[in-house]
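2 protein chains.
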Amino acid sequence: MHAEGAGPVAIAIHGGAGVIDRAHMTPAREASCRAGLSAALDAGFSILARGGSSLDAVTAAVRLLEDDPQFNAGFGAVLSHDSSAELDAAIMDGSGPRAGSVAGIRHVKNPIELARLVMEQSPHVMLIGDGAEEFALERGVVLVPNSYFVTERRLRELHSAIAGADVESDPGPGMDVGVIVGQASGHDSGTVGAVALDRNGNVAAATSTGGMTNKRRGRVGDSPIIGAGTYANNETCAVSATGSGEYFIRSVVAHDIHALVQYKHLSLEAAVHEVIQLKLGRLGGEGGVIAVDCAGNIVMDFNSQGMFRGARDSRGRREVAIY
Amino acid sequence: MHAEGAGPVAIAIHGGAGVIDRAHMTPAREASCRAGLSAALDAGFSILARGGSSLDAVTAAVRLLEDDPQFNAGFGAVLSHDSSAELDAAIMDGSGPRAGSVAGIRHVKNPIELARLVMEQSPHVMLIGDGAEEFALERGVVLVPNSYFVTERRLRELHSAIAGADVESDPGPGMDVGVIVGQASGHDSGTVGAVALDRNGNVAAATSTGGMTNKRRGRVGDSPIIGAGTYANNETCAVSATGSGEYFIRSVVAHDIHALVQYKHLSLEAAVHEVIQLKLGRLGGEGGVIAVDCAGNIVMDFNSQGMFRGARDSRGRREVAIY
Chain Y
1 MHAEGAGPVA IAIHGGAGVI DRAHMTPARE ASCRAGLSAA LDAGFSILAR
51 GGSSLDAVTA AVRLLEDDPQ FNAGFGAVLS HDSSAELDAA IMDGSGPRAG
101 SVAGIRHVKN PIELARLVME QSPHVMLIGD GAEEFALERG VVLVPNSYFV
151 TERRLRELHS AIAGADVESD PGPGMDVGVI VGQASGHDSG TVGAVALDRN
201 GNVAAATSTG GMTNKRRGRV GDSPIIGAGT YANNETCAVS ATGSGEYFIR
251 SVVAHDIHAL VQYKHLSLEA AVHEVIQLKL GRLGGEGGVI AVDCAGNIVM
301 DFNSQGMFRG ARDSRGRREV AIY
Chain G
1 MHAEGAGPVA IAIHGGAGVI DRAHMTPARE ASCRAGLSAA LDAGFSILAR
51 GGSSLDAVTA AVRLLEDDPQ FNAGFGAVLS HDSSAELDAA IMDGSGPRAG
101 SVAGIRHVKN PIELARLVME QSPHVMLIGD GAEEFALERG VVLVPNSYFV
151 TERRLRELHS AIAGADVESD PGPGMDVGVI VGQASGHDSG TVGAVALDRN
201 GNVAAATSTG GMTNKRRGRV GDSPIIGAGT YANNETCAVS ATGSGEYFIR
251 SVVAHDIHAL VQYKHLSLEA AVHEVIQLKL GRLGGEGGVI AVDCAGNIVM
301 DFNSQGMFRG ARDSRGRREV AIY
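Residue numbers (the working numbering), protein chains in the order written: chain Y, 1 to 323; chain G, 1 to 323.
Isolated chain Y, as found in the complex:
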């Protein structure tokens, strides 16, 4: 913990990882993705630069990514087998730590804001389905029809996934439906997320997703699972993950990175490398994480073909990248 307001600030964001088909990634589409990432990155950074909290920074960045139909969260989320959107999100404040999480959300425009309401205005950490939406209504959140989330592009992806892959077929050892769908449709089955460190030494993490194209109704991935897809602790770091969620849950990826830093005293970079490149890779899991530690070190690492990502800090670093 730094003296009040004296520390460095840093933020990293991701817009999903996976199979990114370069044939479909025209210069125009790549520029548009980079613009979306830049907007979220700079919105979060500007909050940190003017002394705002890491919690506000990750909320703002993820909300913008949720509203951008290019990314798989909120508006433009990938669709379930029944052509509807089912959304999951989690947020964690490294101070406390405190956490909020929602899963199976169908009518809340910005799931990350509902996760934050759960953290701040309920005694609970996780609310799911209709009960979570009832809580949203009680807190004055205006619900939207599920069709709000559905875009033409995601419907096309769903139809091509249904034609090319059977969601219920056994994907065999070392492969999961997410990877198959990603390959079949030529699109990532991503997530969005942000991690940040503020001037007061507080870290925070936020993750939001529509899950996998053509997913079974009720399937929950790692994003809303505290410790798997989202984790923050002021003693070490904040982590947001994206990738084949089932592998990330079984490996408790985000908390494992924290534990390697805290108990084995690895650097954040070494801890992320061990979990993503070595352990997850050995199991066959694909994806990546963004992470920031309490000194402001940013790590963005993935074992997939690409990860939409961006990083910016008070030392002058600013980058947006895909491959």
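You may find that some hints are simply not true.
In silico lysine-lysine, DSS-like type, Cα no more than 27 Å apart, as pairs [stated by the list, open to error]:
#: 1; chain 1: G; residue 1: K264; chain 2: Y; residue 2: K279
#: 2; chain 1: G; residue 1: K264; chain 2: G; residue 2: K279
#: 3; chain 1: Y; residue 1: K264; chain 2: G; residue 2: K264
#: 4; chain 1: Y; residue 1: K264; chain 2: G; residue 2: K279
#: 5; chain 1: Y; residue 1: K264; chain 2: Y; residue 2: K279
By construction, these hints were calculated from the structure, which means they are not laboratory data.
Given chain Y's structure and the hints, the job is docking chain G onto it.
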């Protein structure tokens, strides 16, 4: 990993932790609780003793505890604010590792069996709500009406909780609704669980719960969260937790115990002590865990007034205890 079939075997079970009102715990009721624990313990142990897997042992033990109305899982689960039962469960096989989890279940008699089906017959780890029950139907599981789970005793507890505590009131720092409800109703707001080591050196963990009396619809505690309430890894240990779930999620309790054993090389006993007595206690969380490591050491520890529990191993240990 021991040579095929050569290793020791061990099992531990719990039937919840929390405020156990000795005034309500008559000798007859205590004997009945002990008999229920003994039946589950011995059923699991007999599977291990005849060379069965730890996965089968924890499934059998938890299924019996789910069917016993004295414990808060399956038949006789505590009731939500709307007088219905909403059930969560998770199972993890330390070999792989593999995991399955369900939450918000309303019509499956034995949620632990559905969690195991998710692990063994779907590419997913976690399914929730209607989607999970659709999967159950597809796998030939016969659904039961929600009224199957509801007992007179749990209805009385719910009414007394509603009269004594407002589920939506802010419980203040260091307290959660689970604790307040536990205090108000004089009953534990528990969980059931089992951990086991089989002859082949494989560990497994299983946890099942009805959550908290008078809980908000859609609230999910730590039981079905891999890493929080349930975790198993053949490199270290298997853990099943019970207590104030929100604290256990934020602290990623089960994976933290694993990490202390793996990265700090603590004994299982020291790791459990650090997480339950020191870290969880500092945050205000109440409850306990049962754990078994790959050498057959059993640890049962709690910082609450009591924890219904039992342990048995191939060295001749057999105990059932409450306080």
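ask   = Holds or violated: K264 (chain Y) with K279 (chain G), Cα cutoff 27 Å?
value = The given pair, whose Cα atoms are some 18 Å apart, holds under the 27 Å limit.
ask   = Is K264 (chain G) within 27 Å of K279 (chain G), Cα to Cα?
value = 16 Å, holds
query = Under the criterion that the straight-line Cα-Cα distance not exceed 27 Å, is the pair K264 (chain Y), K279 (chain Y) satisfied?
reply = Holds, at about 16 Å.
task = Compare the distance between the alpha carbons of K264 (chain G) and K279 (chain Y) with 27 Å, and conclude whether the hinted pair is satisfied.
result = OK: K264 (chain G) and K279 (chain Y) at ~18 Å, within 27 Å.
ask   = Has the given pair, K264 (chain Y) with K264 (chain G), been kept, meaning a C-alpha gap of at most 27 Å?
value = With a Cα-Cα distance of about 7 Å, the restraint between K264 (chain Y) and K264 (chain G) holds, given a limit of 27 Å.
The earlier numbered hints are all upheld by this structure, with none contradicted.
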